[in-house]
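Those protein sequence lines, which keep their order, are chains V and Z.
Its first residue numbered 1, the first sequence is counted upward by one per residue in the working numbering.
Its first residue numbered 1001, the second sequence is counted upward by one per residue in the working numbering.
If you are wondering where the hints come from, they were derived from the structure by calculation, not from laboratory data.
There could be a bad hint or two in this list.
[Unchecked claim] Pair by pair, the computed Cβ-Cβ distance ranges are:
no., chain 1, residue 1, chain 2, residue 2, range
1, V, 314, Z, 1061, 21 to 27 Å
2, V, 334, Z, 1087, 48 to 54 Å
3, V, 544, Z, 1028, 15 to 21 Å
4, Z, 1061, V, 306, 43 to 49 Å
5, Z, 1061, V, 48, 29 to 35 Å
6, V, 475, Z, 1099, 37 to 43 Å
7, V, 4, Z, 1059, 37 to 43 Å
8, V, 4, Z, 1061, 57 to 63 Å
9, V, 172, Z, 1030, 25 to 31 Å
10, Z, 1099, V, 48, 24 to 30 Å
11, Z, 1081, V, 479, 35 to 41 Å
12, Z, 1100, V, 49, 29 to 35 Å
13, V, 511, Z, 1101, 29 to 35 Å
[Stated by the list, open to error] Far from chain V by the CB rule (all over 12 Å, computed), these chain Z residues:
no., residue
14, 1048
15, 1064
16, 1070
17, 1100
For glycine and all other residues, C-beta sits at the position ideal for the given N, C-alpha and C.
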Amino acid sequence: MTIMPPGFTEGAFRAVLAEISAIVGQEWIFTAEEDLYTYRDSYSPLWDTPDERLASAGVAPASVEELQAVVKVAAKHRLPIYPISTGKNLGYGGAAPNYSGSVVIDLKRMNRILEIDETRCFALVEPGVSYFDLYNEIQKRGSNLWIDCPEPGWGSVLGNALERGIGYTHTNYRDHWGAHCGLEVVLANGEVMRTGMGAMPGAQTWQDNPYGFGPLVDGLFSQGNFGIVTKMGIRLMAAPEGLRAGNIQVSRYRDIIPLVAKLNHLESQTMIDGLPQITSPVFGGIVEPPNPEITKLLATAGGASDEALEAFANGKPYWNLRVLMYGPETVTAAKWEYVQTQFRQVLPEATFSESTTYKLPLSAEAQEALSIIDLAMERKVTFGLPNLGIFLMGARSPVFPTPSDGHIWFSPIIPRSGEAIIKAQNVFAKALLEKGVFTGGNAAMPASIIPRCFLMIFPVFLSHDDLEQNKHALATIDYLIEIAAQNGWGEYRAAPALQDKIMGTYDFGEHALRRFIERLKDAVDPDGILAAGRCGIWPKNLREGRR
Amino acid sequence: MKQLTMTFFVLMGLVPATESFADPSTEQLVHGKAIYEHWCAPCHAASQHAPGTVALTFKYKREVPPVLVMRQDLDPDMIKYFARNGVSIMPSFRKTEISDPDLDALAEFIATNAKRSAP
Chain V
1 MTIMPPGFTE
11 GAFRAVLAEI
21 SAIVGQEWIF
31 TAEEDLYTYR
41 DSYSPLWDTP
51 DERLASAGVA
61 PASVEELQAV
71 VKVAAKHRLP
81 IYPISTGKNL
91 GYGGAAPNYS
101 GSVVIDLKRM
111 NRILEIDETR
121 CFALVEPGVS
131 YFDLYNEIQK
141 RGSNLWIDCP
151 EPGWGSVLGN
161 ALERGIGYTH
171 TNYRDHWGAH
181 CGLEVVLANG
191 EVMRTGMGAM
201 PGAQTWQDNP
211 YGFGPLVDGL
221 FSQGNFGIVT
231 KMGIRLMAAP
241 EGLRAGNIQV
251 SRYRDIIPLV
261 AKLNHLESQT
271 MIDGLPQITS
281 PVFGGIVEPP
291 NPEITKLLAT
301 AGGASDEALE
311 AFANGKPYWN
321 LRVLMYGPET
331 VTAAKWEYVQ
341 TQFRQVLPEA
351 TFSESTTYKL
361 PLSAEAQEAL
371 SIIDLAMERK
381 VTFGLPNLGI
391 FLMGARSPVF
401 PTPSDGHIWF
411 SPIIPRSGEA
421 IIKAQNVFAK
431 ALLEKGVFTG
441 GNAAMPASII
451 PRCFLMIFPV
461 FLSHDDLEQN
471 KHALATIDYL
481 IEIAAQNGWG
491 EYRAAPALQD
501 KIMGTYDFGE
511 HALRRFIERL
521 KDAVDPDGIL
531 AAGRCGIWPK
541 NLREGRR
Chain Z
1001 MKQLTMTFFV
1011 LMGLVPATES
1021 FADPSTEQLV
1031 HGKAIYEHWC
1041 APCHAASQHA
1051 PGTVALTFKY
1061 KREVPPVLVM
1071 RQDLDPDMIK
1081 YFARNGVSIM
1091 PSFRKTEISD
1101 PDLDALAEFI
1111 ATNAKRSAP
């Protein structure tokens, strides 16, 4: 054993593990060095440093009953535990805990799809169910439902929703937390609780109405450490007949302001109901070779002048907005016609091209022909097809001749407006220039995946050999977090190494929110055994000295 | 996007469009193939969408086939090592994901298939 839970002697820890072994079986307790290696976060920016967050053991229960018994043992001995679903939240954290020495409760074996309701359009899943698993089961049943998946299909449907992950299909389904309906949770004392309608025994609408009666507590279990979620309902979309993609191009940098304003109105009416993609032919895509001139221009103090920006365009259109509309061909044709009329009213010089109309479902050939990593184009995830293509980013290729050993994401949310894009491009170009970091793109670009906001997301790459590079990456993101907060932009999700820092920026009313959550934490998990430190929430015995 | 388009234009010529499977002849190999298809193929199949295949294409420049099941230089221990330790952006895989018996079957499937693919 390489690391003990804090406060435990090796003998005491072995005695607790023996108790747990009687519950889950010795086969499902992992303490050997080679096994603990697999509980490290492969994308940790603290890799191989004294600060790396490490598990003392992995424990893998197979059922809610086993999990309850394990939690009761942990509570009795005040053993810190840290649950994972599939452990594939890479870029935002892997299978490793926030608090070194915690025992990882690995829920991958709890992988049953308990229900898929064809007519009410939902599934009920356990934590170990991946997007691949749910997709395959839907196909096997000949079901006519779609999943909405994030980029990597091996993630947990339940875990991703709890993390407030996002997908790529219809506006109603991309916010995975927003699409959840009903939780079952094992609490710190080992009790099982169901939320929403599920609190009523024999509930008939647990996966239909998320609210139940009285105060709503589901949010405590999202990016939280108040319980271990063992079941979750997720809404599924009835497979659409088709998808239409159209492009709107504008030539001036500041055209982004009316472009986004009109987009917002059309999305609010669901005239545009797929993922809108904003790209810039002038700035290039996310895996473009570095062009420091672009970053320098965008970093101009007070913002670059219109003249300088337009001279740089050299005749290229500044922005391309690609909009997606799901539905039967006649409906999407009418929507596209209306969308063009609306954009013409505010941008008379805009040009339009209708690129593609997809008849669904896609054939295997049509799936293989989809774009791979061109984020401006329809990809497998646009059609709810789970895959791992996104890992091309960072894998060895002419764009990345030295492959990375992973990355962490910097993911601030900014307003869905052209003014905010202009401001954010200026602020982040200046910051990245100061830090000398290439993030895989020449300009911070707005991702529209979160409905009603933009995510100015970019990766910072890591190495298992060059620990100085990782130190620099972490320092860069630390700096970016501060700069973002000064502008009123906060991160939506982050790796454990960044969570204290980020929670610290949500400090309205002298940290009123964090203090409120901490009071709740102390009440329902008084010994602080559950996921200590998750998202900056520490139990009272570990709070001091961390601020 | 020009650079990216060029990259994948080049790739189209390099990445094999199909992979040859030996018919699994034993229960162990059938099981190994199922594990391969679930855990390995999304990154290592013969497809431009497979990042592992793309990375190995550029790493070995045609010296060895970039598709795992077409390699002839992989022995079971090597396959097991990479599954448990990861490499580059490929993370390590836990025993709750691929159990030891699953990994034995997987390694045997890939290594056996590689031998049969040998000229």
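Hints that the structure is at odds with (numbers, increasing): 1, 3, 8, 9, 13, 14, 17
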